[in-house]
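Student: The sequence shown stops at residue 98 when you use our numbering, and every number in between is there.
One or more hints might be untrue.
[Unchecked claim] Each pair of labels, with its calculated beta carbon distance range:
no.	residue 1	residue 2	range
1	29	63	34 to 42 Å
2	28	56	36 to 44 Å
3	46	77	30 to 38 Å
4	57	22	18 to 26 Å
5	89	32	33 to 41 Å
6	30	57	33 to 41 Å
7	29	57	31 to 39 Å
8	45	92	14 to 22 Å
9	80	56	12 to 20 Å
10	58	28	32 to 40 Å
11	49	24	31 to 39 Å
12	24	55	21 to 29 Å
13	97	66	18 to 26 Å
14	98	65	17 to 25 Å
Everything labelled a hint here was simulated from the structure, so no lab data went into it. Positions of the beta carbon are idealized from the N, C-alpha and C atoms, including for glycine.
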Amino acid sequence: TPPPAGHWHIDTSAAHQSLELVSMAQRLGVELKYQEPPERLLPSDRWRLFEMEGDSVARVHDISQHTYYLWGRDPTLAELLGEQLISLSEETVSGQH
């Protein structure tokens, strides 16, 4: 469960969740380049990320719902992260950011 917005939260289960996610990634042959720290925070403000195609908005991502997001081209990450992955198909984008 994410912590309340704007409040510090030391979650002792975060280390376990992180290890579980790393283990799942290894089984899929993916090395995760980010692991969420136990002192994670939800943003207190609402943030949105606008994905553009040319001059128009292709998609709007509400990035206030989770304590972190990962974006990139690696399609295997979708299995692991679900809505916390912002999948980008642009060739200049790395596998994970």
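Student: With reference to the structure, classify each hint as holding or not holding.
Tutor: Consistency of the hints with the structure:
Distance hint for residue 29 and residue 63: a CB-CB separation of about 27 Å, inconsistent with the stated range 34 to 42 Å. The hint said 36 to 44 Å for the Cβ distance between residue 28 and residue 56, and at roughly 42 Å that hint holds. Between residue 46 and residue 77 the C-beta distance comes to about 32 Å, which sits within the given range of 30 to 38 Å. Distance hint check: the CB atoms of residue 57 and residue 22 are about 35 Å apart, inconsistent with the given range 18 to 26 Å.
In this structure, residue 89 and residue 32 break the distance hint of 33 to 41 Å, their C-beta atoms being roughly 19 Å apart. At about 36 Å, the CB distance of residue 30 to residue 57 agrees with the hint of 33 to 41 Å. For the pair residue 29 and residue 57, the supplied restraint of 31 to 39 Å holds, since their beta-carbon distance comes to about 34 Å. Range check, residue 45 to residue 92: Cβ separation about 36 Å, and the 14 to 22 Å hint is violated.
Checked against the hint of 12 to 20 Å, the C-beta distance between residue 80 and residue 56 comes to roughly 33 Å, which is inconsistent with it. In this structure the hint that residue 58 and residue 28 lie 32 to 40 Å apart at CB holds, the actual value being about 36 Å. At about 32 Å, the CB distance of residue 49 to residue 24 agrees with the hint of 31 to 39 Å. Separated by about 41 Å at the C-beta atoms, residue 24 and residue 55 break the suggested range of 21 to 29 Å.
One distance hint, 18 to 26 Å for the beta-carbon pair residue 97 and residue 66, holds here, with the actual separation near 20 Å. Checking the proposed 17 to 25 Å range against residue 98 and residue 65 shows it holds: the Cβ atoms sit about 18 Å from each other.
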